[in-house]
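**Q** What follows is each chain in one-letter form.
4 protein chains.
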Amino acid sequence: MRTIEHHDVTVRVRYAETDQMGVVYHANYLVWFEVGRVELMRALGAEYKQMEVEDDCRIVVTEAHCRYLYPAKYDEVLRIRAHVAESKNRLIRFSYEVFRDSDAQLLATGGTTHIICGSNGRPKLLPEKYRAIFGALEAHDHKRSKA
Amino acid sequence: MRTIEHHDVTVRVRYAETDQMGVVYHANYLVWFEVGRVELMRALGAEYKQMEVEDDCRIVVTEAHCRYLYPAKYDEVLRIRAHVAESKNRLIRFSYEVFRDSDAQLLATGGTTHIICGSNGRPKLLPEKYRAIFGALEAHDHKRSKA
Amino acid sequence: MRTIEHHDVTVRVRYAETDQMGVVYHANYLVWFEVGRVELMRALGAEYKQMEVEDDCRIVVTEAHCRYLYPAKYDEVLRIRAHVAESKNRLIRFSYEVFRDSDAQLLATGGTTHIICGSNGRPKLLPEKYRAIFGALEAHDHKRSKA
Amino acid sequence: MRTIEHHDVTVRVRYAETDQMGVVYHANYLVWFEVGRVELMRALGAEYKQMEVEDDCRIVVTEAHCRYLYPAKYDEVLRIRAHVAESKNRLIRFSYEVFRDSDAQLLATGGTTHIICGSNGRPKLLPEKYRAIFGALEAHDHKRSKA
Chain A
462 MRTIEHHDVT VRVRYAETDQ MGVVYHANYL VWFEVGRVEL MRALGAEYKQ
512 MEVEDDCRIV VTEAHCRYLY PAKYDEVLRI RAHVAESKNR LIRFSYEVFR
562 DSDAQLLATG GTTHIICGSN GRPKLLPEKY RAIFGALEAH DHKRSKA
Chain B
462 MRTIEHHDVT VRVRYAETDQ MGVVYHANYL VWFEVGRVEL MRALGAEYKQ
512 MEVEDDCRIV VTEAHCRYLY PAKYDEVLRI RAHVAESKNR LIRFSYEVFR
562 DSDAQLLATG GTTHIICGSN GRPKLLPEKY RAIFGALEAH DHKRSKA
Chain C
462 MRTIEHHDVT VRVRYAETDQ MGVVYHANYL VWFEVGRVEL MRALGAEYKQ
512 MEVEDDCRIV VTEAHCRYLY PAKYDEVLRI RAHVAESKNR LIRFSYEVFR
562 DSDAQLLATG GTTHIICGSN GRPKLLPEKY RAIFGALEAH DHKRSKA
Chain D
462 MRTIEHHDVT VRVRYAETDQ MGVVYHANYL VWFEVGRVEL MRALGAEYKQ
512 MEVEDDCRIV VTEAHCRYLY PAKYDEVLRI RAHVAESKNR LIRFSYEVFR
562 DSDAQLLATG GTTHIICGSN GRPKLLPEKY RAIFGALEAH DHKRSKA
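Residue numbers (our numbering), protein chains in the order written: chain A, 462 to 608; chain B, 462 to 608; chain C, 462 to 608; chain D, 462 to 608.
Possibly wrong hints are sitting among the right ones.
The list cannot tell twin chains apart, which means a pair is met if one copy fits it or any two copies do.
[To be verified] Calculated pairs, DSSO-like style, for lysine-lysine (alpha carbon to alpha carbon, straight line, at most 27 Å):
# : residue 1 : residue 2
1 : 510       : 534
2 : 590       : 534
3 : 585       : 534
4 : 510       : 590
5 : 585       : 549
6 : 549       : 590
FYI, nobody ran anything at the bench for these hints, they're computed from the structure.
In this text, all values refer to a predicted model and were calculated from it rather than measured experimentally.
Given the sequences, and given the hints that come with them, work out the whole structure.
**A** Structure representation (structure tokens):
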């Protein structure tokens with residue numbers, strides 16, 4: 462059983478992502494959450510591209526939120542940390558933290574909720590092989606949070 | 462005293478805003494919320510560009526969330542409805558609804574929380590003239606919600 | 462025969478489109494070109510959404526260029542003017558001008574070249590009905606440029 | 462004298478960068494060019510963030526173009542190669558190639574032209590220290606192309 466509790470990936474802030482306040486425009490954090498989520502899944506053995514193509518599983522966002530604590534700035538290297546917060550047959554929740562890599566300052570936290578849909582747009586069950594991956598992880602987190 | 466309860470603005474979905482699921486990428490809703498918020502403020506007599514330039518007031522996002530009910534699709538005209546949900550001396554909350562304009566189908570709801578900062582990045586009080594504008598509006602909403 | 466020589470559409474600059482130089486990030490002009498092109502096509506009777514769905518015609522970008530003369534700024538209303546520069550059986554060229562609407566200052570010019578592909582990704586001929594629309598327009602422009 | 466002829470950096474295609482054709486939306490290549498340009502400059506010893514802050518030098522885009530040969534797709538790792546194509550006292554040109562990293566397939570080529578401006582928006586001379594860096598590089602390329 463896998464015991465990855467979270468996965469980190471770094472991104473460097475692009476000029477395109479800044480706005481005229483001189484900091485990152487807030488919507489871009491949702492894009493970084495996507496990067497974090499996809500790399501967490503890859504680390505767990507679930508390549509999202511394959512899920513779409515081979516298993517007709519699209520992980521559709523039904524809710525997203527973000528709290529902004531300190532602004533991310535141009536050219537900074539950020540560490541995006543993603544966790545599986547909850548995993549059920551039809552629903553997955555991820556949570557995220559965004560750190561400035563140079564000093565580990567926490568810049569933002571957030572979460573996204575997803576349902577599984579086929580290419581026809583209809584909700585479906587997460588295939589067994591993915592449930593084993595995410596469920597194991599979530600169970601692990603659950604036990605940890607009780608401790 | 463103004464009694465605008467909300468303000469609507471329409472946008473047409475751009476190809477750039479879609480993703481390979483054939484629907485709008487979820488982070489773009491936060492951009493539309495920005496469009497809705499700015500047009501609500503303009504309708505209330507508070508032009509955001511002026512706030513930055515003349516009053517050294519930046520409305521900084523500290524929290525954003527969105528619930529996605531139905532996907533927005535390419536070339537659809539959307540109606541972005543923005544409200545002042547709460548207005549205090551140092552904090553403003555807006556709430557939003559995104560409708561498909563053709564049939565008034567509600568596609569998404571959300572909210573953002575903001576503090577006021579100067580160009581030095583320090584929090585400051587919302588100037589009196591804006592408090593009058595937003596506060597009147599918020600009070601109005603409050604009474605309405607009690608009714 | 463249609464004789465529309467160009468079509469104008471206005472957009473208002475979003476905060477999301479600015480960068481920390483305090484002006485619009487240059488890649489966004491290509492998005493506005495898309496807006497201009499699609500509205501020109503709509504004005505000519507060729508709705509791009511329909512072309513994809515009903516005629517299996519995707520207008521794929523093979524080249525894009527832009528010259529930036531004056532910066533576009535936050536909250537400005539811009540006028541995007543699009544022309545059909547050339548129309549052949551397998552290729553369409555559009556050209557664009559971006560004006561600041563308040564004083565008609567020209568901010569940028571550019572162009573895009575497109576081929577027609579089916580959903581299988583293979584190049585194909587532009588269907589006759591669209592050739593009539595674009596070709597008529599292009600011929601018209603051609604005669605005008607000789608005058 | 463430095464003799465770096467080009468610099469490579471890799472990016473992984475984000476879902477946010479795709480569109481409903483199932484490929485990357487074309488404007489995003491300009492963002493990748495920015496990433497390539499900034500990393501080339503960093504490799505040469507010219508950190509762009511420092512140029513803005515310490516030397517009041519903004520490298521403003523005056524022209525950009527891109528030719529699209531093969532589509533980039535979701536989750537692909539791309540290799541962005543940037544060159545200094547020309548360097549003068551007031552102007553720098555960069556050129557770019559975008560390769561699919563897995564098989565070195567060339568996907569796109571392009572270029573950007575830049576002038577140097579102060580934070581007041583006025584053109585200025587590129588400071589001597591940067592001219593040495595870029596000029597050396599450009600001269601090198603020039604000799605090479607004659608060989």
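**Q** Now, for every hint given, state plainly whether the structure supports it.
**A** Status of each hint after checking the structure:
1. Taking the closest pair of Cα atoms, residue 510 and residue 534 come within 27 Å of each other only across two copies (10 Å); inside a single copy the shortest separation is 30 Å, beyond that limit.
2. Taking the shortest Cα distances, residue 590 and residue 534 sit within 27 Å of each other only across copies (25 Å), while inside one copy they are farther apart (39 Å).
3. In this assembly of identical chains, residue 585 and residue 534 lie within 27 Å of each other by CA distance solely across copies; the values are 21 Å between and 40 Å within a copy.
4. Taking the shortest Cα distances, residue 510 and residue 590 sit within 27 Å of each other inside one copy (15 Å), while across copies they are farther apart (37 Å).
5. In this homomeric assembly, residue 585 and residue 549 come within 27 Å of each other (Cα to Cα) only inside a single copy, at 12 Å, whereas the closest approach across copies is 44 Å.
6. Proximity of residue 549 and residue 590 under a CA criterion of 27 Å is satisfied intra-copy only: 13 Å inside one chain copy versus 50 Å between copies.
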